[in-house]
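Chemist: Residues 1 to 108 (the UniProt record's numbering) make up the sequence shown, in order.
Don't read these hints as lab results, they were simulated from the structure.
Being a predicted model, the structure only gives us computed values, none of them experimental.
The beta-carbon is built from N, C-alpha and C at its ideal position, and this holds for glycine as well.
All clues stand as given, with none of them false.
Computed spacing ranges between beta-carbons, pair by pair: (1) 48 <-> 80: 33 to 39 Å; (2) 76 <-> 103: 21 to 27 Å; (3) 64 <-> 93: 23 to 29 Å; (4) 42 <-> 64: 34 to 40 Å; (5) 52 <-> 85: 27 to 33 Å; (6) 98 <-> 51: 38 to 44 Å; (7) 102 <-> 46: 47 to 53 Å; (8) 92 <-> 47: 39 to 45 Å; (9) 79 <-> 49: 34 to 40 Å.
Straight-line C-alpha distance at most 20 Å; calculated EDC-like pairs for lysine to aspartate or glutamate: (10) 83 <-> 93; (11) 107 <-> 97; (12) 105 <-> 93; (13) 83 <-> 72; (14) 71 <-> 91; (15) 53 <-> 41; (16) 71 <-> 99; (17) 71 <-> 93; (18) 71 <-> 98; (19) 71 <-> 97; (20) 95 <-> 72.
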Amino acid sequence: MVSRLPKIKRPEKGRVELRDEYEAIEAPSKTSAIIDSDDDERAIGAKLNAIFKEASVFKEEDPEENKRTIKDPLAPALSHGNKPSRGAQIDAELKAEEEQMLRDKGKI
1 MVSRLPKIKR PEKGRVELRD EYEAIEAPSK TSAIIDSDDD ERAIGAKLNA
51 IFKEASVFKE EDPEENKRTI KDPLAPALSH GNKPSRGAQI DAELKAEEEQ
101 MLRDKGKI
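Using the sequences and the hints, build the whole thing.
Modeler: And the structure:
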């Protein structure tokens, strides 16, 4: 949905119009709450730390599955009964080629 802005009349030539059709955002008054208080900063920091800790818990759900993926890129898809993606197939081919080259050189 496209919102349309109201038309603003152009000032007459040689005349400067200072008033906008839109309401101006006023600065907070001196009696309003202090925005930059230390307590607010600490509270915000505590909330951010809690969010990051919670997010890091979800990232490391199953480190064993990550190790299996490194050993065999096709394993996650096959274990769930799906066809491996083309990228996983290419990774498996490259890994097999590298292992074969290392065997030929006698490093494995």
